[in-house]
Amino acid sequence: MTNEELINKISSILPESTFDESGEFLEVNIPSSDLLTLLNELRINKSLDFDYLFCLTCVDWKEYLVMVYHLLSKELKHTIVIKATILDSMNPEIETICNIWRTAEFHEREVYDLFGVKFINHPDLRRLFLEESWIGYPLRKNYTDENMIEL
Amino acid sequence: MRGLIEENIITEDGEFILNIGPQHPSTHGVLHLKVWLDGETIKKIEPHIGYIHRSIEKMSERLSYRNFIFATSRMDYLAAHINNEACALTIEKALQIEATPRAKFVRTILSELTRLASHQLWWGCTGLDLGAVTPFFYAFREREAIMAIMEETCGARLTQNFMVPGGIMTDIHPNFQQRTKDILEQIKGKYKEYDDIMSGNVIFENRTKGVGYLSKEDAISFGVTGPTARASGVSCDIRKWNPYSAYDQVEFDEILSNGGDCYARYQVRMKEMRQSVSIIEQLIDNIPEGDFQEKTKMVIKLPKGEYYQRVETPRGELGVYLVSDGSANPYRIKYRSPNFSNLSVLPAIAKGYKIGDLVAIMATIDLVIPDIDR
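In order, the protein sequences belong to chains C and L.
In terms of our numbering, the first sequence has 97 at position 97, counting the first letter as 1, and numbering is strictly consecutive.
In terms of our numbering, the second sequence has 347 at position 196, counting the first letter as 1, and numbering is strictly consecutive.
Quick caveat, the hints were computed from the structure, so don't treat them as lab data.
Where hints are given, some of them may not hold.
Claimed, not checked - Pairs of lysine-lysine residues, derived as DSS-like cross-links and limited to a Cα-Cα distance of at most 27 angstroms, are as follows:
| no. | chain 1 | residue 1 | chain 2 | residue 2 |
| --- | --- | --- | --- | --- |
| 1 | C | 141 | L | 244 |
| 2 | C | 9 | C | 62 |
| 3 | C | 46 | L | 391 |
| 4 | C | 118 | C | 141 |
| 5 | C | 62 | L | 452 |
| 6 | L | 209 | C | 83 |
| 7 | C | 74 | L | 244 |
| 8 | L | 209 | L | 244 |
| 9 | C | 62 | L | 455 |
| 10 | C | 83 | L | 452 |
| 11 | C | 74 | L | 367 |
| 12 | L | 448 | C | 83 |
| 13 | L | 391 | C | 74 |
Build the full structure now, drawing on both the sequences and the hints.
Below is the structure:
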């Protein structure tokens, strides 16, 4: 499916989504509350068939956080990037997608560990790399630690 | 780690909780598996990771675009070249330049030599894990010769740090081509030896055939890549799908198998070695003359934007997701490491098998722990 067709299709599912074609892949910007609606449809709809989530991460833009999902269809060979903006950077929350792609379970734990994003309905939301008693989320831009050295 | 390791206890349901690792030879690194057992049957596995988390992603946010590449050598230390190449390609993509033809060829040859060395080490260690000592010595004989080539050209055996934005750091050593050809001849003469000792071995077959079955749907859903996924019939070779460096100029096959078990994973890797040899043979005599490095500015600043680059490491798909805010340091870097996703499938495929099978499953998934922890 070409980018044009993907845009039409996604606009019909979620009219409020905005698109960016300047990068390598087609980017879709959505509010975090609509994430599950869109991603469920992307996986289930046979004409879209995004069966492979190859990257899941988060970017801290100080005032807000952006969850980034890279999706690919093995059969139809199209790629898409979904960006869900979380406006509340103090208590970030978003729905889990590990019922759709099972790889998300581990990746979401990593994001929780390093960014502090809470995934609603995640089956096993614990820290992954750091110990449970660790204070703060290291990949957040406002993270400080008494042992950090300013270069 | 910090309260995670508990005594090996028997729960109220009669299940035995066994801690494997973090210091255990078959985990090939500091990986801790908490295993719930019913007798010898695995009920549940919980991987605990982070023992060697060095926060490479956080560190990279303070490093320049020339320096952050070299931190990646310490991720998948058996594929340092390929990690470095992924970062160099990301920067080249952002700057909209390409490496020189000579650098592209050398990069591809070095990447394939890395893959050969990595698969050799995997083959030797798999034998060792399953009770055969000889493969280890055979594999290290060939691997040692490859490491010597690396040392001569790059100055290091494991953390080569040879890739820079725009090409390679220095020109290749005068002996490089001849010594590479010698090692290829040596490996080609040993295929039969490898097969004789492992492929038809009754003990090896009994321990691997029908063990650790991974279905195609699970492989895709768990994001499994590399030989592990290809042994379940998932076509996922980045060298074929998104060719980079000189992979679009060589002929090779993507090895697929529908077995899905440990034996299929073994076969896929053994056949991949032959493909690597063939790729190097096609390139080694045709390295173009010319510059080995494209000229780049001393201080690299990437245009504002987001860039994604995927490469095929010996263990699967490595993705570099780089967010630039226009300054001289990356704003955010995410490494989508193949081992991280491959580990996530372990609890699913080991369930229901015996504790002894876990060693075979771990060996054939071929995990490198520093790549998981980053």
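Which hints, by number, does the structure contradict? Result: hints 2 and 12 break, sorted rising.
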